[in-house]
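Okay, here's what each chain looks like letter by letter:
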Amino acid sequence: MAVPKRKMSRANTRARRSQWKATAPKLVKTLENGRVTYSLAHQAKVVTDSAGTPLFLEYKGRKVADV
Amino acid sequence: MPTPTKGPRLGGGPAHERLMLANLAASLFEHKRITTTVTKAKRLRPYAERLVTFAKKGDLASRRRVLGVISSKSIVHELFTEIAPAVANREGGYTRITKIGNRKGDNAPMAVIELVLEPMSAKQSVVAEAEQAKAPAAAAPVAAAPVEESPESAESVDSAESAESAESAASAEEVAAEETTVDAEAGAADEVVVVEGAVEDEKK
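From first to last, the protein sequence lines stand for chains A and B.
Sequential numbering of the first sequence, starting at -1, is according to the numbering used here.
Sequential numbering of the second sequence, starting at 45, is according to the numbering used here.
Note that these hints are calculated values from the structure, not bench results.
Fair warning: there could be bad hints in the mix.
Claimed, not checked - Per label pair, the in silico range of CB-to-CB distance:
id : chain 1 : residue 1 : chain 2 : residue 2 : range
1  : B       : 108       : A       : 36        : 50 to 58 Å
2  : A       : 32        : B       : 118       : 48 to 56 Å
3  : A       : 53        : B       : 168       : 41 to 49 Å
4  : B       : 172       : A       : 21        : 42 to 50 Å
5  : A       : 21        : B       : 150       : 45 to 53 Å
6  : A       : 20        : B       : 152       : 18 to 26 Å
Bear in mind that the values here come from a model prediction, so they are computed numbers and not experimental data.
Glycine is no exception: its CB is placed at the ideal position from the N, C-alpha and C atoms.
I would like the entire structure built from these sequences, with the hints used as guidance.
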């Protein structure tokens, strides 16, 4: 089994970890009931009732699946 | 003919992929709507639509070809007797894929693939009817048909049920005028009713 010969320095470790970055998802801006909402494109959205309970997934006015 | 697939096989090998696609297609025809990964849904689409094309042909040879893929006779029977008549007017595009976001466990992008069983939209069916009326009939009915159907299309934009009622009303009016075209339209309206009933049953 291959074994590291040298200790990984703290600088090298931190340099490696600093390259791991999060990317922001691309959102589309739509106007729903007079309010601006942001959502993921080409993906079904969750429909909720007034209390915020998720009901089902909807895409282009069509029920797609249960949550 | 579907485009050949590129890239690696699904699963562990060619045989595994064949089995997976066959099982996915069988599940799709059994349940009409299945949730799977986006990759599998995309690979399933041409495969399943080819089987539906065989089912629309409907003869014994095509039934045996489908049985070579899907071993369950009851599912193949359902495909030939229920799904094929429901998509008889549709020229391809029998399935719909909708992305529903990533799975919780492994963050795999998921999708719902479903059979498009609802009848064609009011506009499409009006166009098809006009073309059907145009083809066999002579000059006189052609002149009459667009005039009669243009108010129908205007009325039947909002929902399929209103389109149905508008069609039935229109056909009732046309009884006095032309018997042959009325028969054809009444037949078409009956088909629409039957197909919609099937779709509603599934939703229940």
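Each hint, compared with the structure:
no.: 1; hint: B:108 / A:36: 50 to 58 Å; in the structure: holds, 52 Å
no.: 2; hint: A:32 / B:118: 48 to 56 Å; in the structure: holds, 51 Å
no.: 3; hint: A:53 / B:168: 41 to 49 Å; in the structure: violated, 30 Å
no.: 4; hint: B:172 / A:21: 42 to 50 Å; in the structure: holds, 46 Å
no.: 5; hint: A:21 / B:150: 45 to 53 Å; in the structure: violated, 19 Å
no.: 6; hint: A:20 / B:152: 18 to 26 Å; in the structure: holds, 19 Å
Hints 3 and 5, counting from the list given before, are not met by this structure.
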